[in-house]
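In case you want the letters, here they are:
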Amino acid sequence: SQTIHQWPATLVQPVGSPLSLECTVEGTSNPNLYWYRQAAGRGLQLLFYSVGIGQISSEVPQNLSASRPQDRQFILSSKKLLLSDSGFYLCAWSVDILLGLEAFFGQGTRLTVV
Amino acid sequence: SQQGEEDPQALSIQEGENATMNCSYKTSINNLQWYRQNSGRGLVHLILIRSNEREKHSGRLRVTLDTSKKSSSLLITASRAADTASYFCATDGYGQNFVFGPGTRLSVLP
Chain X
23 SQTIHQWPAT
33 LVQPVGSPLS
43 LECTVEGTSN
53 PNLYWYRQAA
63 GRGLQLLFYS
73 VGIGQISSEV
83 PQNLSASRPQ
93 DRQFILSSKK
103 LLLSDSGFYL
113 CAWSVDILLG
123 LEAFFGQGTR
133 LTVV
Chain L
6 SQQGEEDPQA
16 LSIQEGENAT
26 MNCSYKTSIN
36 NLQWYRQNSG
46 RGLVHLILIR
56 SNEREKHSGR
66 LRVTLDTSKK
76 SSSLLITASR
86 AADTASYFCA
96 TDGYGQNFVF
106 GPGTRLSVLP
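From first to last, the protein sequence lines stand for chains X and L. Quick note on my numbering: the first sequence kicks off at 23 and runs consecutively. Quick note on my numbering: the second sequence kicks off at 6 and runs consecutively.
Please note that a few of the clues may not be correct.
[Unchecked claim] To spell it out: a stretch of chain X is covered by chain L in this simulated footprint if at least three of its residues, at any positions, have a beta carbon under 8 Å from a beta carbon of chain L; those stretches are:
(1) 63-77
(2) 102-116
(3) 128-136
[To be verified] Derived CB-CB ranges, DEER-like:
(4) X:V34 with L:P115: 29 to 39 Å
(5) L:R65 with X:G49: 42 to 52 Å
(6) X:N52 with L:S17: 35 to 45 Å
(7) X:K101 with L:R55: 36 to 46 Å
(8) L:S73 with X:S42: 45 to 55 Å
(9) L:L114 with X:I75: 43 to 53 Å
(10) X:R132 with L:A87: 30 to 40 Å
(11) X:S51 with L:A87: 31 to 41 Å
(12) X:L104 with L:R59: 44 to 54 Å
(13) L:R59 with X:K101: 29 to 39 Å
(14) X:G63 with L:S29: 30 to 40 Å
(15) L:V49 with X:E44: 13 to 23 Å
(16) L:S17 with X:R132: 19 to 29 Å
(17) L:N23 with X:S42: 37 to 47 Å
Simulated from the structure, these hints should not be mistaken for laboratory data. Beta carbons are placed, not taken as given, at the ideal position from N, Cα and C, and that holds for glycine.
All chains should be built: construct the whole structure from the sequences, respecting the hints.
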């Protein structure tokens, strides 16, 4: 069966420090991968998505970057965190949205930048 | 621009009552999905309805879709305290992206 792992669950980082959040998927090949950010009590904002290794699309200009070094690995990074980067980050995967296949989400990372 | 918009933003009901949440979207879609999120957790898929479908049922869930009005509703019947969560609609925006609305926070009081 397919599973998605996202870590860490919580993270407190000082302003200006680097960030690396990792997400891995098991049990499927060539998934579409997504990074979302959720502000408290709000909806999900799509940050990055990837349809294949090395293929990254960015939805919003920001202080973050994403990479997909392996088929089932998706990494969210920042060189220098800002206070505004605080939030709940969710990784997700899907096979094909247009065919109506659902997205599977990780449990999220609560990032607090202090 | 954001595709899905749910209303109400928050809903509080008594256990046993029905809960109805609505979602509106702006562009044409292939399908619309509803997700649930417990506080501080990831989202879990509930139900999908395709653009050529008008109504779909799954257990205590009933979803309707009106493509002419670009809207969908999620009905949870005989609600339970365990249904307390945030509910999001998601549409296929463009390409392989999901576009989520801001969600409805449902509180079911025992």
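**Item:** Structure versus earlier hints - violations, ascending order
**Value:** Of the numbered hints, 5, 10, 13, 14 do not hold.
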